[in-house]
Amino acid sequence: MGRTASIGDFVRLHPNVVVYSGCELGTRVVVHAGSVIGSDGYGYVLDRGKHRKVPRIGKVVIEADVEIGANVAIDRGALGPTVIGEGTKIDNLV
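Numbering that gives the first Met the number 0 applies: residue 0 is where the sequence shown begins, and numbers increase by one.
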């Protein structure tokens with residue numbers, strides 16, 4: 000758990016879940032084993048013939064009643080938040 004992560008009531012985090020700082024999980028969220036919330040993501044730009052990583056400064060907001068399957072990665076947004084809307088269900092390995 001990141002120091003500034005916000006976790007709502009009745010949230011269930013299964014084994015080996017990672018929630019990075021700045022992430023917000025609403026009430027009754029379930030995150031299954033091995034999932035990562037708020038990772039840096041994959042963003043590069045070609046700069047003078049070299050690939051340079053573009054930092055992600057957004058956050059992740061997971062609204063109420065969401066279920067996230069096992070081994071799912073939800074990356075931070077590039078500029079704004081990545082939002083998983085209320086009631087969303089995400090299968091494993093996404």
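No wet-lab data here; the hints were simulated from the structure.
Predicted model only: the values in this text are computed from it and were never measured.
Don't take each hint at face value.
Unchecked claim - Each pair of labels, with its calculated beta carbon distance range:
(1) 48 to 14: 18 to 26 Å
(2) 44 to 3: 25 to 33 Å
(3) 3 to 29: 17 to 25 Å
Cβ atoms here follow ideal geometry from the backbone N, Cα and C, with glycine treated the same way.
Quiz prompt | Hint check against the structure, violated hint numbers in rising order | solution = Those not satisfied come down to hint 1.
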